[in-house]
Amino acid sequence: MRIKVVLHYLGLLIASIGLTMLLPLLWSFFNNGTDTSAFVISMAISLGSGLLLWRLLPVKERGMNRREAIVLVVSSYVAASLFGALPYTISGAVPGFLDAYFEAMSGYTTTGATVFTSIETQAEGILLWRSLTQWLGGMGIIMLFVALFPILGIGAAHLAEAEMPGGQQGEKLTARIRDTAKALLLIYFGMTITEFILLCIAGLPIFDAMTVTLSTTSIGGFTATNLSIGAYNSLFVEVIVIFFMIAAGVNFGLYYFLIFKRQPMRLLKNSEFKLYITLIIVVILILNLDLIINMKLPFGEALRYSSFQTASILTTTGFTTADFNAWTDFAKSLLLILMIIGASAGSTGGALKVIRLLVLAKYTYRRILLAFNPRAVIPLKIGGSVMPEGITSRIIGLAILYFVTLVGCFLIMSGLGLDNITALSSVVASLGNVGPGLGMVGPAENYAFIPPLGKGVLIFCMLAGRLELFTLLMLFTPAFWRWR
Amino acid sequence: MYIIIAGGGAIGFHIASLLVEEGHQVVVIESSETVLKMFRRQLDVKTIQGNAATPKILREAEADRADLVLAVTNSDETNMVTCFMAKELGAGTTAARIRNPDYSGYFVTPAKSSTTTHRVIRPKSFGIDVFINPEAEAADEITSILSGFYSTPVENFADGLVQIREFRVEGEALVDKTLGEITFPKPCVIAAIVHEGGVIAPDSDEVITEGDSIYLIASKEFMDELGKLFSQPKRPAKKVVIFGGGRIGFLTAESLQRRGVKVKVIENVLELCQEIAAKLENVEVLQGDGTDRSFLIEQGVPSADAFVATTDRDELNILCGLLAKNLGVPRSLVVINKPGYIPLAEAIGVDVAALPAILAADKITRFVLHGGAISSALLEGQQLQAIEFVTSPTAGIVNKKISEAGLPKEAIAGAIVRNSSVIIPPDDSVVKAGDHIIIVSPLPVVPAVEKLFK
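Residue numbers (our numbering), protein chains in the order written: chain A, 1 to 484; chain B, 1 to 454.
One should not assume that every hint holds.
[Stated by the list, open to error] Result set (DSS-like, lysine-lysine): computed pairs, CA atoms no more than 30 Å apart in a straight line:
id, chain 1, residue 1, chain 2, residue 2
1, A, Lys381, B, Lys262
2, B, Lys325, B, Lys262
3, B, Lys279, A, Lys274
4, B, Lys87, B, Lys234
5, B, Lys401, B, Lys220
6, B, Lys239, A, Lys362
7, B, Lys177, B, Lys239
8, A, Lys269, B, Lys262
No wet-lab data here; the hints were simulated from the structure. Since the model is a prediction, treat every value here as computed from it, not as a measurement.
If we strip away everything but chain A, and leave its shape as in the complex, we get (with noise of 0.2 Å):
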């Protein structure tokens, strides 16, 4: 392990960290904003500490190995955070550094958990930050970071792989990773001007367009109003965000295929794509009936209802146009079910992903036909190939590590003196990149009142999930520090 080699690629993320500043810089400076200052000083501290770091410890060879890649991955999205928290403790935003921390995190790993009591009368530039720290941490703060720098050699292979793992299914799209990132990345990109040009058209206001979109195609969540996408109350602009969450939540390697490689069959015929529209299809016309059945609303608006909270908590963005928290106790836990599953893998969603529970669930039917019959061979397919060994025992000890994770953070939660509803969806809706939860932490609510402690597992719940567990709780481990 070569401390040196991870500090000194980390100063060259922690500088561009603080040229992203310049967005909300100049949008607060244009705009007459009272954040101004906040943003100079904290772009500022960015730049210099993190040109310093870069400079100070030369590397002289190329590349990184595995260990210093996970290393570097994970304290990338924990000095980012911490950077990033800058402008809103110097704005005054957030009363202490661990909310402005919390914000921070929740902005990068697209949680959208906020703990401003309220949003509206923020400045403009701060919550223009937080929707632009989603957008990076969308696609990954590293996919950006080894498309932007083609320094990493064969070391960008493994940072891609622990930031998003098992997000291709251990299959590069291109010959070199950083192909592969420039093309997700172009997608991503695509994606995103796209949604802000027929947002602008559905009649946005340009500041709300953007903030809509940032915090839309990176499955996050935060927009600059209290009561979310609700607050626009236009039918166009819930259609716009619903689509776009949809394909956002899906693979962007289909994307690929289809854009890139003209094959729409990829994604048409991709069953983790099939189901994953079953899905959103199905727990729609659900809680549509719960809507209209329990809740006595009129067809138009149940489904109005339905669609975009189904879109929303499935694909873990967390934009909500109504108060789900008022819903039938059904309606909740089936919310509560979809914050576990998430979206696909290799999108920009979170949570275990729809393919994971395809995984699982064949191979419990698997396990179920050879309890009767031992001898029987019977392959787990996805889609017609066989999905090795290896990559399934993957997921099931993921599954295992998701839930002991869940219900580890869910007592510790429930110790704070939170009750049970709002302490488990706390941790679910952290643990899953949602944002908003159930109870006290619900659509309408904040997390500012959760105890400092709670604050700090909801923090790593954050990171846990946006790094799928195993490179973050990797580090955990004492074999991981050996020497060798």
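Using the hints, position chain B against chain A.
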């Protein structure tokens, strides 16, 4: 004909012995000197030691004047290169054994419309005229047997109008009768009787015993009815157990499940099991030993309609076939590579479904036919050959009665097809130009028969 055979394995040997018996000049190329010694000891062939895929060896074998080059080594790639080289040197027809199913995608004759095919390579550009895949042929054979009423192989002639079919004598009704005493409900010709492995000419005073095989030539529509005389028809198999997950087992399982048959494959090697299970949907793959009685019972083998043993070990196949028969499976089929085991298998009551080596030889013989012959099949191992001739106006047999045409006495005229109608001799009708005549003859007599049609 001048024929080069590359590869001295079981298939190469069978084809060589067959061609030598028919009087062709045969050169065998093989890298192993021991194998070549065996060839020289048993057959009248020229042998060349070396790699057949090299121009040097092919030139030594005079590939430029070869009428037929057969590449039947164990390696598909060597076979392809050999054919390519031979063709470049100026050889006539080339044939290659291609076994790997992964290659078969390239080697299907191009589709009629050029837009419907994705194939990159046309076989001709490889210099290969004929593809021999003994395993695939064996699988086809097994499939066709299992979907028919009888467990014995059938050969089709004249676009399927005429069939030659082997029947095992099972019923009491015919036993100890002479051929002359049998009354057939429909016109047919008995081509041969097989008694304890030996072919006997079907004279009318020949006595039939249980376990004999009878080769019957008849119009296709009457075949099933005639078959009832000899053995009980069995319903087409709906539940089949295949033992052995090799190429034959895999291909059989694939084609059976495509016909909607419930298939279970038993294979001992776990890796093979996983490979088959990955490739085939709707096929139950079981890892276990086919000789383990309790395992077979546990997996429901006794309630299957048919059991097919397809491993590459003849002894194992016969043993398992017997075990399945003992467990009460109505049809028990085995794949056998050594022709010497055929009487053994038949003696204990398992049906021999296919011999890959002979099937390959069968296909090859169709390309060394003389005169007006358009189709042929080997019967009872390699003892008999059934040939379909088209009579040309200049042939010696034209305008003569069959009985007076001068056929060698060992040869039997089975059927005449004229304007798509089947005429079964004995008939004093005169042979006309353009008739299709199916003749069954022992191999050594084949050249004499062919002369009549020249």
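Run the distance test for A:Lys269 versus B:Lys262: straight-line Cα separation, threshold 30 Å. With Cα atoms ~27 Å apart, A:Lys269 and B:Lys262 stay inside 30 Å; holds.
Given the hint that B:Lys239 pairs with A:Lys362, test it: the Cα-Cα distance must not exceed 30 Å. Holds, because 26 Å separates the two Cα atoms, which is no more than 30 Å.
Given the hinted pair A:Lys381 and B:Lys262, is their Cα-Cα distance within 30 Å? Within the cut-off at roughly 20 Å; holds.
Are the Cα atoms of B:Lys279 and A:Lys274 separated by 30 Å or less? 22 Å, holds
When you check the alpha-carbon spacing of B:Lys87 and B:Lys234, does it fall within 30 Å? 48 Å, violated
Is the hinted pair B:Lys401 and B:Lys220 satisfied, with a Cα-Cα distance of at most 30 Å? It holds: about 24 Å lies between the C-alpha atoms, which stays within 30 Å.
30 Å limit on alpha-carbon distance, applied to hinted pair B:Lys177 and B:Lys239: 36 Å, violated
Does the structure keep B:Lys325 and B:Lys262 at a Cα separation of 30 Å or less? 19 Å, holds
In summary, the numbered hints that this structure violates are 4 and 7.
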